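*Asks:* Sequences and hints are given; from them, build the entire structure.
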Amino acid sequence: MSKIQGHHCTHIAIVASGKGGIGKSLLSLAIADLFDLNEQTLQLYQLDDQQRLEKTIGQSVVSLDIQTLKLARRDPTAITKVFEPLYKGIEALQDSNTTLLLDVGATQTGNLIDYAGLIDLQEDLELFGLSGLVFIPAVAEPESLRQACRAIEQFQTTLPSLTPVFVENLRDGRLDELSAASQAGQLYINKLRPLIAHLHHISMPLIEAGSWRAFEQNHCRIIDVGSMDIPAIIALTGLSRPEAKLARGDVLAFFAEMEEQLSRILPFGEGGE
Amino acid sequence: MSKHPRPQLKDQAAQDHAEGQSELLNHLKQTPTSDLHTVDPELLARLTADQRRELFTKDIIVKVPQNIIKRRTEKVQRSRPRLMRRAWNILPNLFKSQIIGACTSLVVTAAGMGLMTNWPAINAQLQHLTRTEASDLLNNWRILFDQETSQ
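So the sequences go chain by chain: Z and B. Residue numbers for the first sequence follow this note's numbering, beginning at 1 and rising by one. Residue numbers for the second sequence follow this note's numbering, beginning at 274 and rising by one.
Just so you know, these hints were derived from the structure itself, not from any lab. Please read these numbers as outputs of a predicted model, since none were measured by experiment. Honestly, I wouldn't trust all of these hints.
[Claimed, not checked] Some chain B residues near chain Z, calculated using beta-carbon distances under 7 Å: (1) Leu297; (2) His300; (3) Lys302.
[Unchecked claim] Covered stretches of chain Z, going by a simulated chain B footprint (3 or more residues, C-beta under 8 Å): (4) 155-164; (5) 228-242.
By construction, the Cβ of each residue, glycine as well, lies at the ideal position given by its N, Cα and C atoms.
*Replies:* Written out as structure tokens, the structure reads:
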């Protein structure tokens, strides 16, 4: 795992990968909650038909209009209309201490890359003096690893101002423990590992035995779980009292570990940059 | 929304885990030992090794498929080691589990596979043991056969 010296100037943070169910929304939520915990400003955008972030955090999340993207074949201007709120948000980052976080759904990574190429967003980022990070999560599973490789290559080509961060989701075990004979092991050894050798690499811990699921179904924020008392958790989730305590402990342990991991690349706990 | 100073996250997590484990142990102590195998294994796995030892005062029962037992009745007298290897092949994941690892004995019965299919959490724990560790664990076990099925 790479040791990162100092913090990047993070104007933009994107969470993306072409594979669903690998923790993108949870990672976005953790980043948003850690900004909140550290009382730092974050503007949230999402390009995701499931709109999980908006359901959890609320109206402050700007949801880009996925439906209009479907018109892009008939109306070439549709794609720029969809991304206009995001572009305005990026423009406004100049001379600002705010970070913009974009959560990209599994099926939308290609649309974002297409848009960035179409308007040459890279040139604008350079003009505005903006940089940032692209968080690319993956679990130890072949399609997830394949899509992570693809996303890293796409972002490195189209938006080199954004530094890729590989996020190893430990849900299915560590990549180094994959059998070299397995399909996932082959992909990791031959393709992903060389690709991420010089990239930032952080881990996303496992939340024990589905403890997060009960809160997620009720659209809870991670930061709110810690402030909920046990009777409230029991009422919300239907868990028994011991289970409720263990679940709250699991979520907080996850949150603490995420803060430790993300603090290596984001300016948490230091009063900002 | 309340804000948690950074050190409090880990402290509160540790406190929640300790209190949750303690309350869980007290709750499970009220369950008859013979019914412990019906408890969600993911819950049992949350206890510490010492707490599991405290809870499992009797041998845990692992059920083996009927066909293995039939083979055993034919061959057990001359080929008990082979039977044991077959049983191990069926139960590879259980052997390394923290739950069973905390017990002193393994009782094999012929009552079916029900229990095994109810123990998905154990698989996850096993990924972290090497072959050597699993082998050591196996070698330290005392194997018993259930009276009913060893006739």
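*Asks:* Does each hint fit the structure? Answer for all of them.
*Replies:* Status of each hint after checking the structure:
no., hint, in the structure
1, Leu297, "4 Å, holds"
2, His300, "6 Å, holds"
3, Lys302, "12 Å, violated"
4, 155-164, "violated (count 0)"
5, 228-242, "holds (count 3)"
In this structure, the earlier hints numbered 3 and 4 are contradicted, and the remaining ones agree with it.
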